[in-house]
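Add 189 to a position in the sequence shown, counting from 1, and you land on the number used in our numbering.
Quick caveat, the hints were computed from the structure, so don't treat them as lab data.
Think about it this way: if two alpha-carbon atoms lie no more than 20 Å apart in a straight line, the pair counts; the simulated EDC-like pairs of lysine to aspartate or glutamate are:
no., residue 1, residue 2
1, K387, E323
2, K324, D268
3, K266, D278
4, K266, E323
Cβ-Cβ distance ranges computed for the label pairs, FRET-style:
no., residue 1, residue 2, range
5, F389, A299, 33 to 41 Å
6, I343, L222, 29 to 37 Å
7, A296, V276, 25 to 33 Å
8, H239, L388, 38 to 46 Å
For glycine and all other residues, C-beta sits at the position ideal for the given N, C-alpha and C.
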Amino acid sequence: MLDAGMRKLIDPPLNALGRGIAQSGVTANQVTLAGLVLGLISAGMIAWGHFAWALIPLLASRLLDGLDGAVARATQKTDFGGFLDIVCDFIFYGAVPMAFVWADPGANGAAGAFLLASFYANGASFLGFAILAEKRQMDTRARGVKSLYFTGGILEGTETIAFFVALCLWPGWFAAMAWVFGALCFVTAVSRMVLAAKLFTGHSD
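Using the sequences plus the hints, can you model the full thing?
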């Protein structure tokens, strides 16, 4: 819900920084993989109970997630780069809830499983919509220049990052926050399905 507005604020400085990184010879894919490594380090720290310290690699990971696209725009965008970016994003988004479950399986297990299931449903609706949008040559740049068609929703990347930060700051509230956030993820998935039904029913090539 907030991504479109955030892109207007963060894209100019990210693009400037991305051009500088590109001039150093670092590739967009290297930035993507570095972001994933930092995200997994953050998840490992969470699993070991170092919640506050985990914020440092977590936020650095998300910075690199924004920078990889800026580097690609400054050099050359590739389909594989877009593929790698979304795969690494999904790995990161799954690793953080899993880490909280590992940190306290008894308290966080059920809520963590519900949250991961909601991410799975939301991801499936997102990717399914993107496939059909590509098939019909739909295009949007509301959330920046992307390799995939990004549909909006109640919960997007900005809200998810804020949620992860809140979990690290108040880990004792993981279960309560996970139930609420997971429910909203399911609502987002259903709303995307409703939109797909309106746009794609009766049109097949």
